[in-house]
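Here is how the chains run, residue by residue.
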Amino acid sequence: MQLQYFLLLAAALFCIGIYGIVTSRNAVRVLMSIELLLNSVNLNLMAFSNYLDSTLIKGQVFAVFVITVAAAEAAVGLAIVLAIYRNRDTVDMEQFNLLKW
Amino acid sequence: MGQYVLESVWLVPIYALIGGLLAIPWSPGIISKTGPRPAGYVNLIMTFIAFIHSTVALSISWNQPAYEVFIPWLETAGLRLSIDLEISAISIAAMTVISGLNLLAQIYAIGYMEMDWGWGRFYSLLGLFEAGLCALALTNNLFFSYVILEVLTLGTYLLVGLWFSQPLVVTGARDAFLTKRIGDLFLLMGVLAIYPLTGTWNYNDLAEWAATANVNPTLISLVCLALIAGPMGKCAQFPLHLWLDEAMEGPVPSTILRNSVVVASGAWVLIKLQPVFSLSPLVSSAMVGVGVVSAVGGSLIAIAQIDIKRCLSYSVSTYMGLVFIAVGTQQDEAALLLVLTHACAAALLVMSTGTIVWNSITQDITQLGGLWSRRPISGMAYIVGVLGLIAFPPLGSFWALLKLASGLWETQPWLIGVIVAVNALTAISLTREFGLVWGGKPLPMSARSPEVSWQMTLPMMILFGLVLHLPLILQNLSLLPNWATVNKDVALLLIWSSIFGCSIGGVIYLGNISKPIRFPWKGLQNLFAYDFYTPKLYRGSIVLGVDLLSKLTDMVDRFVVDGIVNLVGLISLGGGENLKYSNSGQTQFYMFTVLLGVALLGMIVTWQYWGNEFLQLTAIGNQ
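So the sequence lines, in the order shown, correspond to chains W and F.
First residue of the first sequence: 5, per the numbering used here; consecutive thereafter.
First residue of the second sequence: 1154, per the numbering used here; consecutive thereafter.
Take the hints with a grain of salt, since some may be wrong.
Far from chain F, by Cβ distances over 10 Å, these chain W residues were calculated [stated by the list, open to error]:
| no. | residue |
| --- | --- |
| 1 | M36 |
| 2 | S58 |
| 3 | T59 |
| 4 | V68 |
Taking lysine to any residue pairs in the SDA-like style, the calculated list, with each CA pair at most 25 Å apart, reads [claimed, not checked]:
| no. | chain 1 | residue 1 | chain 2 | residue 2 |
| --- | --- | --- | --- | --- |
| 5 | W | K104 | F | G1729 |
| 6 | W | K104 | F | Y1683 |
| 7 | W | K104 | F | E1486 |
| 8 | W | K104 | F | K1733 |
| 9 | W | K62 | F | S1737 |
| 10 | W | K104 | F | Y1743 |
| 11 | F | K1641 | F | E1486 |
| 12 | F | K1733 | W | V26 |
| 13 | F | K1733 | W | Q99 |
| 14 | W | K104 | F | S1737 |
| 15 | W | K62 | F | W1760 |
| 16 | W | K104 | F | L1748 |
| 17 | W | K104 | F | Y1734 |
| 18 | W | K104 | F | V1747 |
| 19 | F | K1733 | W | L103 |
| 20 | F | K1733 | W | F100 |
| 21 | W | K104 | F | T1746 |
| 22 | W | K104 | F | S1735 |
| 23 | W | K104 | F | N1731 |
| 24 | F | K1733 | W | I38 |
| 25 | F | K1733 | W | D96 |
| 26 | W | K104 | F | L1726 |
| 27 | W | K104 | F | I1724 |
| 28 | W | K104 | F | Q1741 |
| 29 | W | K104 | F | V1751 |
| 30 | W | K104 | F | N1736 |
These aren't lab readings, by the way, just hints derived from the structure by calculation.
Where a beta carbon is used, it is the ideal one built from N, C-alpha and C, also for glycine.
Work the whole structure out from these sequences, hints included.
Structure (structure tokens):
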């Protein structure tokens, strides 16, 4: 097992997350895609801390923080989605294009 | 005392200028309570002072040598402009004639302009003209002659345009200004081009230079052609003659001045420049050509006119053409004599016809007639003016024409034919005018036509006497050609041509031939009546060309130059209008562009490592 494979896996996961973010019409799925992105980042952090910094493992500390913040962000995100849903009665991303030109 | 009067003769133009300035306050907008008449009286007093001063100076200067006065005007690096004044018998005599004729014209105007409110403007312009002409007579410098000619061109514009509420006056003033201006601008080219050749603009120095000059004939021909273009416009010579016809829209008293003196200002410059012109045979023949065409054309056109003032304006072109012939054949003295005799006779003719217009309203000579029994004074003045203008001994112009023609006997006899023909034609046209206005039966417009008041009659009578006495004056000043030296055959020819012309005119217009006279060939009659269709000619050539060119330039300016600049703005506007659609309002699209930007930036930053990294990655993959 080598570092590159972890990194490539994380990159693949990141790309899948990006694809999900840009193409999903459901706002909750966008939030889920963001979680995928954050998890791919965590994979990177863990891989780097394992292969390059195995004594001080600062990457793992980073990953703990990222998970924490991701949880908070998801909570706020869901709250926002809920707030929009209450007003506009939909979670379709293509209905949220009010602030254009 | 006498010497002092002579030395201060340069004050004469200044008197006139002061007179002109003093007239301005009586413009209706400034002093309206007294009425405009004081303007005329003040100006008249100043003109009278100028006339007395120049007359006294003339009597003193008569047998004294000419001397020059130099007044520095401007000195810059490499150029010294000094106002050169020549105080000679000739220049003072010219000033006497100018101020004398102006005095008479101003007295005449007191009568003629009686029902007019615009004396302030009129008299100030007359003062300006007198000042300009006197200064032109005094100045001995080509540059300052040009300056004065330009001032007079502006003066003509303003004076012709006196009654500017009439549309024909506005177009006439426009043409008078532009036509003379074109001539003056060519003159300016000549004035500027002659300086590097001679290093001076002083007429005496120019004459000295010309005596020994050795210059490229093409160059001096071009320079001299430019120099005659100015006087051509001023003297209303072909093809710059239309303005004088249209300038007849101005008031009669100014016409007196214009026909007699103002047009002669061009001839004055021409005579002064004669030594330079003699350097180029081409220019001499060009001058003769222009003079012949103008003289013959003008006299033919004058016969076919029906406007009493235009009949006379074309004979002015004719006589200035004869002056051109005289200068072109190096006869300065004959030219000067002709200018003098023509000025007096032409002024008398205009004064006489002006009195007819004043009381008969119409200027159409086909509507006038039978005035002789009731307007004998005007009629006699007209007759004397005619006899003074054509070659009728012993009156003035006979001697001038005789001198001119005798000088041509040896060299260019065909020109004598031209002069004789022009003399006969002018005699016909003037006799025709007399026959139509004073002869025949009274027509409705002239049925009740009283003689005019003394303000108009007095100057006419003074001038009447002057024209009659002119030969005596000339004889006393020994200016007449010596009878022993002149060619008697030429004298007889001239006399016969005058008699011939007068009798033809008399027989046709005083006899019982039904009027209006119809020429057998109507096209030719109209050709002369409409002045060879010169307005159409101008409009079809120069005016059309300049008009099209200016419209084209305007379009280029409007569409190309403005267009390019506006296009920049338009593109910016369009860019903003279209690029705003990149703000689609879709959050996901924004995220996509952010990621695209980051990816691109990352690619650019890491571009240099790409080759190696891929190699390593593939190497790892192969392991």
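Against the structure, the hints:
| no. | hint | result |
| --- | --- | --- |
| 1 | M36 | holds, 14 Å |
| 2 | S58 | holds, 21 Å |
| 3 | T59 | holds, 25 Å |
| 4 | V68 | holds, 26 Å |
| 5 | W/K104 - F/G1729 | holds, 14 Å |
| 6 | W/K104 - F/Y1683 | violated, 75 Å |
| 7 | W/K104 - F/E1486 | violated, 94 Å |
| 8 | W/K104 - F/K1733 | holds, 9 Å |
| 9 | W/K62 - F/S1737 | violated, 41 Å |
| 10 | W/K104 - F/Y1743 | holds, 11 Å |
| 11 | F/K1641 - F/E1486 | holds, 19 Å |
| 12 | F/K1733 - W/V26 | holds, 21 Å |
| 13 | F/K1733 - W/Q99 | holds, 19 Å |
| 14 | W/K104 - F/S1737 | holds, 5 Å |
| 15 | W/K62 - F/W1760 | violated, 30 Å |
| 16 | W/K104 - F/L1748 | holds, 20 Å |
| 17 | W/K104 - F/Y1734 | holds, 8 Å |
| 18 | W/K104 - F/V1747 | holds, 17 Å |
| 19 | F/K1733 - W/L103 | holds, 12 Å |
| 20 | F/K1733 - W/F100 | holds, 18 Å |
| 21 | W/K104 - F/T1746 | holds, 15 Å |
| 22 | W/K104 - F/S1735 | holds, 9 Å |
| 23 | W/K104 - F/N1731 | holds, 13 Å |
| 24 | F/K1733 - W/I38 | violated, 28 Å |
| 25 | F/K1733 - W/D96 | holds, 24 Å |
| 26 | W/K104 - F/L1726 | holds, 19 Å |
| 27 | W/K104 - F/I1724 | holds, 22 Å |
| 28 | W/K104 - F/Q1741 | holds, 13 Å |
| 29 | W/K104 - F/V1751 | holds, 23 Å |
| 30 | W/K104 - F/N1736 | holds, 5 Å |
Of the numbered hints listed earlier, those contradicted by the structure are 6, 7, 9, 15 and 24.
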